[in-house]
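Engineer: The primary structure of each chain is shown beneath.
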Amino acid sequence: MLEVKNLQVRVEDKEILRGINLTVKPGEVHAIMGPNGSGKSTFARALAGHPGYQVTGGAVSYQGQDLLDMDPDERARAGVFMAFQYPVEIPGVNNAYFLKAALNAKRKQQGLDELDAMDFMILVKQKLKVLHVDESMLMRSVNEGFSGGEKKRNEIFHMAVLEPTLAVLDETDSGLDIDALRVVSDGVNAMRSPERSFIVVTHYQRLLEYIVPDYVHVLADGRIVRSGGRELALELEEKGYAWTEPAGARK
Amino acid sequence: MSTATKQIEELANTEYKYGFVTDVEQDIVPVGLNEDVVRLISSKKGEPQWMLDWRLKAFRAWLKMEEPHWQNVKYEPIDYQGVSYYAAPSEKKKLNSLDEVDPEIRATFDKLGIPIEEQKMLSNVAVDAVFDSVSVATTFRSKLAELGIIFCSFSEAVKDHPELVKKYVGSVVPHTDNYFAALNSAVFSDGSFVYIPKGVRCPMELSTYFRINAKNTGQFERTLIIADEGATVSYLEGCTAPMRDEHQLHAAVVELVAHKDATIKYSTVQNWYPGDKNGKGGIYNFVTKRGICKGDRSKITWTQVETGSAVTWKYPSCILQGNDSVGEFYSVAVTNNYQQADTGTKMIHLGKNTRSTIVSKGISAGKGQNTYRGAVKIGKNAANARNYSQCDSLLIGDRCGAHTFPYLEIKNTTAKVEHEASTSKIGEDQIFYCESRGISKEDAINMIVSGFCKEVFRELPMEFAVEAQKLLGISLEGSVG
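These protein sequences, in sequence, are chains A and B.
Note that the numbering used here gives residue 148 to position 148 of the first sequence, counting from 1, and the numbers run on in steps of one.
Note that the numbering used here gives residue 421 to position 421 of the second sequence, counting from 1, and the numbers run on in steps of one.
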């Protein structure tokens, strides 16, 4: 599904990722953990193709395609989805209209007929029900005036409608209370399938109690310093991030 | 500059598509302005003495006035003696049907996509087309006449309905109102005239297209719309001009009169030639538009989408004289490259329980400068008057500017006035967010801009909303479900 080899990324003049290697197979859930500034979010954004993140080395292959060679919208239409840490407000553009444009852009690429308003609404209402999201969210402008929890829930709602093949969740748990966290996690768990993979970026172990990963990777100073199973997250919680930092990373 | 910003600017820099010149024989008055020119214009139009007297009165007033310079725009001085004040397609004779219109002019209007042909008339738009200075054809006239509606060129109205013109011309915008209005009053060549009789709801949108074609000419049209008691009318105005290196002056006057329980909706899509990327050429659009809500419960709505002109200077305003009368102003103004716009409105509350709404959306790109200037005046007898103003500015790139000048003058303590303003930038983050959902960059920008303009676009009649969409190069947001 996804093969990341020696990925190096710069933001402005600062080298953030210093060679990431990661293989994600279909159906797997990988958690990326690490302290602040370790490069977790940079990794997520680089996968989605954020223009501010400059890839200076390495390769990323997604379903046999060179992901780094694709524009962000092409990546999305090919099935890569990123749930934002800070979802962006787009005033005056209603959420349903926005999602319909996104879904139809993807369907067009896949050679499918575009959904008309009627079929789209049927699909969307069904997703809303599963996620316990209020219908009023459809008619509001994208993220405008949404609370922090609503924004995150909206991200998961977008994901449910767009049905990605690879979903990258960038600190989706930050700023969520326990109820919202449960709703978001239930949404993600409902979408787990043998064909769909997830990369879950988080600072806290807490999220992984709800979304149980197959693998946990610990990032420090732009490299993956440890990989393991679910138990690694628990160990981290117990010992703190300082434990993972390789001696060489300290200057 | 980042790549995203560059792309936004490229998108915003779509070339002016209406910059062609039509080759027709023109009857042009020599350049320069004096009383003889005013007399010549009047006689060419076969006007009665009272009209000429009015023009001369305006001309003499104009001579004593000074060009205003308080606006937040800069432009080269205008040589008023270097302009021709009248240009008309020559060999003008009375036209009985559209077939008699010069094929070259017809072709021009076809290029502009104006629904002047019979087949397009089925789309329920009655059109008056003003080519340079003369009204070329007014469609649908007989059908409207059955309802007692008068829709004709201003010159025809002077001949056929002198009592109406005499009564209302200059009643909202006096010939001494301002420098450009005085100039217009002296030399106006044509324009449209509308009268909707008592209790009649005009069954179709009325529309005028203005086009400047001849070189070194100014266009000074004058429009007068009267809605009698209980009447309703929606009027659309569109404008284009060829690309020329020199600046051309457009100084129009529009007067609206709404009697008791009458409603007038006036929509403009202004796309005069804006000049090239270096600021060369383009139209000076100095326009005076004002409406009076004369009777109780009358309503005037101005909606404008201003995308063209090198310099725009206009404030479509409402005098709310009748009790419970309503004034509305919805505006989208786009400035790109070296374009400058100083636009807004005046809401003058005189009657009791009068209400006004102002929604202004300014979009600046390139080195464009966009100024909102709005005045809200509440007179001492205007008990319970209310105003709501909202001015939003959207900046694209980092070399443009947005300015807001609200003026409030309140003489009645029961008034409620609200003003909200915001300035935002199309952020790379907004574009990236759309892209990360699979929406292309171009569609993303269109979506963000049309979202920004939504409150104004939804005030436009359907066919104009489509045109506004084309002009802004954006796809209009549709509603789902």
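Certain hints may be false.
Claimed, not checked - Here are the computed lysine-lysine pairs in the DSSO-like style, where the Cα-Cα straight-line distance is at most 27 Å:
| hint | chain 1 | residue 1 | chain 2 | residue 2 |
| --- | --- | --- | --- | --- |
| 1 | B | K425 | B | K167 |
| 2 | B | K425 | A | K14 |
| 3 | B | K416 | B | K260 |
| 4 | A | K125 | B | K454 |
| 5 | A | K108 | B | K425 |
Treat the hints as calculated values from the structure; they're not laboratory data.
Engineer: Each hint: holds or not?
Structural biologist: Outcome of the hint check:
This hinted pair does not check out: B:K425 and B:K167 have alpha carbons roughly 48 Å apart, beyond 27 Å. This hinted pair checks out: B:K425 and A:K14 have alpha carbons roughly 26 Å apart, not beyond 27 Å. With a C-alpha separation of about 24 Å, the suggested pair B:K416 and B:K260 falls inside the 27 Å cut-off, and the hint holds. Of the supplied pair hints, the one linking A:K125 and B:K454 holds, its CA atoms being roughly 25 Å apart against a limit of 27 Å.
Between the alpha carbons of A:K108 and B:K425 the distance comes to roughly 30 Å, so the proposed pair goes past 27 Å and is violated.
Of the numbered hints listed earlier, those contradicted by the structure are 1 and 5.
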